[in-house]
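A.B. asks: With the hints as a guide, dock the two chains, each given alone in a separate frame, to form the complex.
These protein sequence lines map, in sequence, to chains A and B.
Its first residue numbered 1, the first sequence is counted upward by one per residue in our numbering.
Its first residue numbered 274, the second sequence is counted upward by one per residue in our numbering.
Just so you know, the hints here were simulated from the structure itself, not pulled from any lab data.
Yeah, the Cβ is synthetic: ideal placement off N, Cα and C, and Gly gets one too.
It cannot be assumed that every hint is accurate.
[Unchecked claim] Partial chain B-side listing against chain A, Cβ under 8 Å, derived:
#  : residue
1  : 286
2  : 287
3  : 290
4  : 294
5  : 297
6  : 324
7  : 325
8  : 326
9  : 333
10 : 348
11 : 385
12 : 386
13 : 389
14 : 488
15 : 491
[What the hints assert, rightly or not] Calculated cross-link-like contacts (lysine-lysine; reagent style DSSO-like; alpha-carbon spacing at most 27 Å):
#  : chain 1 : residue 1 : chain 2 : residue 2
16 : A       : 32        : A       : 91
17 : A       : 2         : B       : 389
18 : A       : 32        : A       : 47
19 : A       : 32        : A       : 2
20 : A       : 32        : B       : 389
21 : A       : 47        : A       : 88
22 : B       : 389       : A       : 6
23 : B       : 436       : A       : 6
24 : A       : 32        : B       : 436
[Unchecked claim] Simulated coverage check for chain A against chain B, where a stretch passes if three residues somewhere in it have a Cβ under 8 Å from a Cβ of chain B:
#  : stretch
25 : 80-91
26 : 96-110
27 : 181-188
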Amino acid sequence: MKWLSKTYIWVLMAFLYAPIGVLIFFSFNQSKSRSNFTGFTLDWYVKLFHNDLIMQSLINTLIVALASSIIATIIGTVAAVGLSGMRKWTKSIVMNITYLPVVNPEIVTGVSFMLLFVMAQGILRQINLDFEFGYITLILSHVTFNLPYVILNVLPKMRQMDKYVYEAALDLGCPPAKAFFKVVIPEIMPGILSGFLMSFTYSLDDFVISYFVSGATSQTLPITIYSMTRRKVSPEINAISAIIFVVVLAVLLLVNFHGAHKEKQSRREGARI
Amino acid sequence: MKTKYSSLFTLPYLIWSLIFIIVPMGLVVIFAFTTENGQFTLDYVSQVGEYTNVLVRSVWLAAIATVICLLIGYPLAFLMSRMPGFQQRTMLMLIMLPMWMNFLLRTYAWMTILEKNGLLNKLFGLFGLGPFDMINTQGAVVLGMVYNYLPFMILPLYSIMTKIDNRTIEAAQDLGANTKNVFLRIVIPLSMPGISTGITMVFVPSVSTFIISRMLGGGGNLLIGDLIDLQFLGNAYNPHLGSAISLVLMVLILLCMSILNQFNDDEDREGMLL
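Bound-form chain B, shown alone (with noise of 0.2 Å):
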């Protein structure tokens, strides 16, 4: 719909997100650059360099726990996608269920689990092992992004298999393919940008997370989420600390999605709403 109004229409949406998107952003970059009395810096962010090992270890355990979603979500977007409607429908509910519940609560189910006296060293002592220490592990901080974040793989996954058409496989396997072939030549560079999409939406918010590695990581195993909330309601308050670690964060963050766009030139947006 044309009309001379259009850009008058926007307005209200384009004022509010100058003040409230591009504005604290801008903050954020300025904070990461200043000192207290706003004369600029680089210390702050060259402070960030001490946290290496901190960085280094949320980059890890985020990948570690996006590689196994990919791993255990593949298979079960396939399977989802071939099978008959209902089933099709039951299943997405069931795997939605889960995401639609606070990720608090689930990350302290896995607590309670977990726990030295918890339901899992109980049951590993009805065999006589045990107990073990499974709680405050990374071990435990990838299972929570594992958990918490499956089903943003499996999404994704499953609506881009949806539109590989059967009969692509069919004539593939009528060519001689088998099912190795059929599944490293047509299924995955056909599912490709729903790889890519998943990645993204388990990575983003695995690597900045900061409940999870507080709730199952015990206090020894801080992200780079850990440390910008402590600059900011913790006891450390140095906003200009907490944004240089941010903006290494975003930029982090940019470069690894800016790698995976490598592999995809398909831009599915769609996807990142689920």
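Bound-form chain A, shown alone (with noise of 0.2 Å):
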């Protein structure tokens, strides 16, 4: 039964890597070819950064993602704040609001962006002011996709904060903007962190919504590479591959010794006690 499970485990892995594998494998072939390896070579990686529609699209991601997903953040929290001291039913009503976006699927948001947009580009051009599609479009959208991760996220750390450590607080004389600032932000720190990282990987990943929104001038890395995917033949992609590989891995390397350490010290705290 141990070697079943065993080799079960490495066949699966062996179909989830095997393609990236591929992927990477053929971004050191000198050839264009998908299944001819004829020589090992950096060229790919070199013309990688040297190709200014890649690079720009690149640098469009990382403003989208940053922008989006700090104004997300913003709204997400106070709003999270809020609804935590609303009424059941109130509240009940716009966390079905909320969790729209997450349970529609994501072509059917991209569209209904695209129909508001197309929307108020008639409405305001009335009033002689124009707005193509661009950083504008993407921003507004990306943000309401990551509303509701901020919320998720933010809403259990209301919860389990100590509601009485705000009001002595304001029992000893602090004026309620400051308590919220000094006792009720950092209390909830973690959650604002998560959503935030949350929003902004999710931001930087997607293809779909941005699809459908972004100009000529404004796209993102996702829709760079797949307008490279419709071309017959192009290495650069699995130089990309590579890159971003190595980068999640680090990351997730990172996030997983960190919580591996944060869980030892509190076990460790927790034996002390």
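C.D. replies: Here's what the structure looks like:
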């Protein structure tokens, strides 16, 4: 039984990693072929960094991800603080709206944004205001699909928080605004941070929604990758895959190591008590 | 924290949701039921009927992919949940790592493997077999769905199975249950919420995908997603018909999910976040 489960795990891992391994392997291939390895080269990596289109789309991706996750974190955190004090039934109505973008198929969300922005273009044109599909539409839609993740991360922290600490601060003469920043925000900070990180990564990775709302001049990296896959041969994709793989691996190792370290620490503290 | 400002705090978010969630959804519904002149019509919704074969294909392929994911993922999730802590964390990381690669790259990888002159056909060639037509088939589309969404099945299953107490299983064994009965009467019923979350998380993106079918299915295996894309960004530009198809897709998914919800009344929404 033991060897059976071991083989099973190995076969599954091979299934998960073989395609990625193949991609990375052929990023070092001299010829453009995707099945004949003719010799080792780093040319595709050099070409990648000299490809203006790819570099520009990388910058676009980072701008959109950073802007949208910051805005979403601010609005979402404030909303979560308010939500935790709301009456049960109003809260459940708001939460149902919050879940809507999470459960809706991405393509429908993307299409609905496109309809909204086309309509907004029409209305604004009547008052002689013109805007193009681009950063604005991308950031607005990314904030929208990021908001649920911030709220769902901060809300549990609000629930865990001891509300008397805030009240104690007020009783001791602290003005509400100051108490909010000095007492509430530090308490829920872990939730805010994980909400922000989740938003940022979802935003970096998003293709479907960006595909419907990006303009010609503001392509994000996934959109550029998509247009590259439409061409028959483009070995730069392999190089991008290799780089993304290494970055993701590094981040995951870091988070995992940090998590394990923290767990050990808290266990040690628990033992002391 | 209850203050008199509570509702004031949520106000910016409520306004945001109104403009960017409620209004766009409303627009999809309005577009589906109106003509270009803004008159009410059922033409577009009934026109969706012409694409019944595409709808059926989408649901069928997505259902196959979901079942395969469940069959592959279930044993793995169970094995993972019984491992020692360090191994569990490592496995979790190994499963999440491909998930964080952009799905376009993952799908592109299979394109290069399944091609006519691709790696797999080359491998078969070594044994004097093939070449087989693997790309541009429905099988390739299902494979792409399984590969892309398998982690979405494993993670909720795993997180529910870590909560199953080993002593429950041991108790069943002590009372004379064999392996089959332990699984059928203890493990599977206890993991039901994970199963339904996993099914939703694989089925919804599978049934609405338009990239996997385009990259691995060629032109002949259009899915609902491709139809919608064609109406908005393709040659067949017609946002009214596109909205009608989107509406049908949403209703279809709601229907499938409400059927699933019959099986578990526990709302385990945390799994949705993974």
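A.B. asks: Take the hints in turn and mark each one as holding or not.
C.D. replies: Verification of the hints:
1. A cut of 8 Å between beta carbons decides the hint on residue 286(B): the least distance to chain A is about 3 Å, and the hint holds.
2. Because the beta carbon of residue 287(B) sits about 7 Å from the nearest beta carbon in chain A, less than 8 Å, this interface hint is met.
3. The interface hint given for residue 290(B) is met, as the beta carbon of that residue sits about 5 Å from the closest beta carbon of chain A, less than 8 Å.
4. Using the Cβ-Cβ criterion of 8 Å, the hint placing residue 294(B) at the interface with chain A is satisfied: the shortest such distance is roughly 6 Å.
5. At about 3 Å, the closest approach between the beta carbon of residue 297(B) and any beta carbon in chain A falls short of 8 Å, and the interface hint on this residue holds.
6. With a cut of 8 Å, the hint placing residue 324(B) at the interface with chain A is violated, because the nearest CB-to-CB distance is about 15 Å.
7. Checking residue 325(B) against chain A by beta carbon gives a least distance of about 19 Å; that is not within 8 Å, so the hint is violated.
8. With 8 Å as the threshold, the beta carbon of residue 326(B) stays out of range of chain A, its nearest partner Cβ sitting at about 19 Å, so the hint is violated.
9. Below 8 Å, beta-carbon pairs count as interface contacts, and residue 333(B) has none with chain A, the closest being about 17 Å; its hint is therefore violated.
10. Among the interface hints, the one on residue 348(B) holds; its C-beta lies about 6 Å from the nearest C-beta in chain A, closer than the 8 Å criterion.
11. For the restraint placing residue 385(B) at the interface with chain A, the shortest Cβ-Cβ distance is roughly 4 Å, inside the 8 Å limit, so the hint holds.
12. Residue-level restraint check for residue 386(B) holds (minimum Cβ-Cβ distance to chain A is 6 Å; threshold 8 Å).
13. At its closest, the beta carbon of residue 389(B) sits 10 Å from a beta carbon of chain A; the interface hint therefore is violated under the 8 Å criterion.
14. Interface hint status for residue 488(B): upheld, as the beta-carbon distance to the closest one in chain A is roughly 6 Å, under 8 Å.
15. Residue-level restraint check for residue 491(B) is violated (minimum Cβ-Cβ distance to chain A is 13 Å; threshold 8 Å).
16. Note on residue 32(A) and residue 91(A): the hinted pairing is violated, with a Cα-Cα distance of about 56 Å set against a maximum of 27 Å.
17. Note on residue 2(A) and residue 389(B): the hinted pairing is violated, with a Cα-Cα distance of about 38 Å set against a maximum of 27 Å.
18. Of the supplied pair hints, the one linking residue 32(A) and residue 47(A) holds, its CA atoms being roughly 13 Å apart against a limit of 27 Å.
19. Distance check on the hinted pair: residue 32(A) and residue 2(A) sit about 43 Å apart at the alpha-carbon level, beyond 27 Å; violated.
20. In summary, the hint linking residue 32(A) to residue 389(B) is supported, as the alpha carbons are separated by about 16 Å, within the 27 Å threshold.
21. With a C-alpha separation of about 57 Å, the suggested pairing of residue 47(A) with residue 88(A) is violated against the 27 Å cut-off.
22. Taken as a hint, the residue 389(B) and residue 6(A) pair is broken in the structure, with Cα atoms around 33 Å apart against an allowance of 27 Å.
23. A hinted pair counts as satisfied when its Cα atoms are at most 27 Å apart, and residue 436(B) with residue 6(A) qualifies at roughly 23 Å.
24. Only pairs whose Cα atoms come within 27 Å are accepted, and residue 32(A) paired with residue 436(B) is rejected, the gap being roughly 49 Å.
25. With 7 residues having a Cβ less than 8 Å from any Cβ of chain B, the stretch 80-91 of chain A passes the three-residue criterion, so the hint holds.
26. Requiring three or more residues with a Cβ within less than 8 Å of a Cβ of chain B, the coverage given for the stretch 96-110 of chain A holds, as 13 such residues are present.
27. Closer than 8 Å: that is the beta-carbon criterion, and the stretch 181-188 of chain A has 1 residues meeting it against chain B, so the requirement of 3 is violated.
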